[in-house]
Structures are given as structure tokens and as C-alpha cells.
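Spelled out, the chains give:
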Amino acid sequence: MNERVSDQELVKAALIHREEFAALVARYDVRILRYVTRLGSLDPDTAKDVLQETFIKAYLHLNDYDPSLPFSAWIYRIAHNETVTHFRRQKNRPRPVENEDDLKVFDEIADDLDIEHESNTTINRAAVRAALDALDFKYRDVLLLRFFEEKSYDEISDILELPRGTVAVYLNRAKAKLKEQLKRYDEHT
Amino acid sequence: MDSNDTFPEELMQELAARGAVPKPRWQFLLSRSVIWLLALASVVVGGVAFAIAEFVFFDNDGIAKLQGSSIQDIAQSIPFVWLAITAFFAVVAYYGLRRTRRGYRYATTTLVLIVVVLSLALGVLLNYFDFGQRIYEYVGHQIPLSAVFTGSTDGLN
Numbered sequence: 001m002n003e004r005v006s007d008q009e010l011v012k013a014a015l016i017h018r019e020e021f022a023a024l025v026a027r028y029d030v031r032i033l034r035y036v037t038r039l040g041s042l043d044p045d046t047a048k049d050v051l052q053e054t055f056i057k058a059y060l061h062l063n064d065y066d067p068s069l070p071f072s073a074w075i076y077r078i079a080h081n082e083t084v085t086h087f088r089r090q091k092n093r094p095r096p097v098e099n100e101d102d103l104k105v106f107d108e109i110a111d112d113l114d115i116e117h118e119s120n121t122t123i124n125r126a127a128v129r130a131a132l133d134a135l136d137f138k139y140r141d142v143l144l145l146r147f148f149e150e151k152s153y154d155e156i157s158d159i160l161e162l163p164r165g166t167v168a169v170y171l172n173r174a175k176a177k178l179k180e181q182l183k184r185y186d187e188h189t
Numbered sequence: 001m002d003s004n005d006t007f008p009e010e011l012m013q014e015l016a017a018r019g020a021v022p023k024p025r026w027q028f029l030l031s032r033s034v035i036w037l038l039a040l041a042s043v044v045v046g047g048v049a050f051a052i053a054e055f056v057f058f059d060n061d062g063i064a065k066l067q068g069s070s071i072q073d074i075a076q077s078i079p080f081v082w083l084a085i086t087a088f089f090a091v092v093a094y095y096g097l098r099r100t101r102r103g104y105r106y107a108t109t110t111l112v113l114i115v116v117v118l119s120l121a122l123g124v125l126l127n128y129f130d131f132g133q134r135i136y137e138y139v140g141h142q143i144p145l146s147a148v149f150t151g152s153t154d155g156l157n
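Which chain is which? The protein sequence lines are A and V, in order. Just so we're aligned: 110 in this note's numbering is position 110 of the first sequence, and the numbers increase by one with no gaps anywhere. Just so we're aligned: 128 in this note's numbering is position 128 of the second sequence, and the numbers increase by one with no gaps anywhere.
If you are wondering where the hints come from, they were derived from the structure by calculation, not from laboratory data. Using N, Cα and C, we set each Cβ at its ideal position, and we do this for glycine too. Please note: incorrect hints may appear among the correct ones.
According to the in silico footprint, chain V covers these stretches of chain A (three or more CB under 8 Å from chain V) [said to hold, decoys possible]:
no., region
1, 53-66
2, 133-145
To be clear about the criterion: a stretch of chain V counts as covered by chain A if any three or more of its residues have a C-beta under 8 Å from a C-beta of chain A, and this derived list gives those stretches [what the hints assert, rightly or not]:
no., region
3, 6-18
4, 23-34
5, 100-114
Kindly generate the complete structure, drawing on both the sequences and the hints.
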């Protein structure tokens, strides 16, 4: 499918011919898998299960999609809800999983928080990772969407179904808590 | 980033195996309409309750009692139960509006303010046409224990 075809047009097409849905899936599956994994899936198989349920739910609810919203926000919202539902079923606290790309983002977070870079950046990365682990789910979620998925405040508002002001408040609190955690980490090392 | 694996194909096979078809649009329209109706009905019921509260308050000479009486008299002149009913339906209306398609975009204070202002304005408007009194008298005939709803015996005859 041509990349220039809009998501909204693909949704319309998928409602007529199921096969057209594959183009939407191909456009978003890697991003959603990454988000779901970062949000705390236990292993790649579980993450893939959540990914599959996300797209199946999206397909079943395709008629509920509001074309005035970006499809990206809608599919991330479903992925977020599916991940939360998964962890409620498992009664486990989500545990973040990191990959090589994430390490760069840890540095970006450290920069954004105006944290002094030490000569050994792996210390900062380890500190940021530990601090992220210690955050409440809702704060970690906004940080992941902002820094890892590079979503705007409006997109995060649409994904988490929160007022824009609340997103800003959560993000500021998350940063403050992260900074606090990092100070503690520094004191202990 | 685009897909570079076989996931889209696998998903399409899974959809076919499950015989999945998108739920019809009318189901979503119906559920959204129900949420809107619930929110609007709650505002209306809250408005009616406030109209009755306002009627009971003034029927009990509430202002006069507020001006120079004991706390007990003041307390008796305030129709707590009707005000509580108004508040309860304001909360229901708030949750209804919050669950509409774009309801999440508004701050809690904005939605609460909208609901409270609408309920109170409707109550005042209804009372202008003596609606509060009519409903109150109707309830008084139907439920002899409606004194409970006034917080006072002054308004009951």
C-alpha cells in the first residue's frame, strides 16, 4: 500500500475489505510492539500476544474510530489499555524491558532533567533505568510516551484519555520524582 | 518505522480464523447516545431536585431564619436531602460527560462547573414556573414521610 495513503483512508478501505487492514498493521506493528514491550511486558512472546490482541480489538472496533483524531493516538490508546488489562489479569506490576535504543533515550532524559553527565555515561543510564523502575505506572507511562515514543502533549492526552493539563502535571511530577530518585542513586554510589 | 516481519500476515490469518468482522457502527452510536442521555437526564433530575430544594428553603422562610436564628433553625430550613440528590446527580452527570468521546479533554473543574451551573440554572428556571412546588406537593401526596426530604416540618401541610 502506498505510504501516502492516509490512515483514515486505510481505515475506510479496511471496513470494506479486511485485507486492507494489513497495511495499517504493517504501518504500526513495530512501534506498538516497542511501546508495549517498554511498558512492561515480561517477555517477547507475551508482548506479541498483547500486540495481537491490540490489533484484533482495533479491527473489531474500527467503526468506532473517530477520523478527526490521529489513528496513531487511537491505536496507542488500545495498546495501552490492552497492556494494563494484561497486567491486571496477571496481577503483576509491569517491569520495563530495555534495548539498545533505550539507552540513548536514557541519556536524553538525563539531558532534559539537566542532570550532570558523568564521564561514565553507563552510570547515568543505569541510574535512569533504576529510577524509571521505581516510578508509579502512570508516571512511567507518560515518560515513555514523551521520551521514548516522542509523542506530543496532545497525543498523550488522546492516548491516555486525560486532559492536556493533567498530562503536563503528570510529566512534571514524573520528572521531579525521577530527579529525586537519581539524587538518591548518586548518594548511594 | 515500518513492519519488517510476518506479523501483519499472521494477524490477518488470525482474523480470518476467528471470523472477525468489525462491530456495526450503530452499536457504538447507541452506546454513546446512552452515555449522553444519562448525562443529560442527570442534569435534568439534578435541576428538578434543586428546584424542590429552592422551593422548600423559601417556603420555610429560609432567608428569615438565616438572618437571626439559632444554628438548629438554620439547619432545619436547609433541605439537605434535596441538595444531596442534586449533588448526587451532578456527580453522575460529570461521569457521563467524562465518558463521552471528547469528555476526557476537559479538566475536572471545568466539567464539574458546567454540570453544577446547568443543574442550578435549570432548577431556578423550573422554580420560576413553580415546578419545584408542584413536584414537592406531588411527592408529599405520594410519600407521607416526605418530611424527611425537607429537613423540616415547616414546609409540610
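In rising order, the numbers of the hints this structure does not comply with: 2
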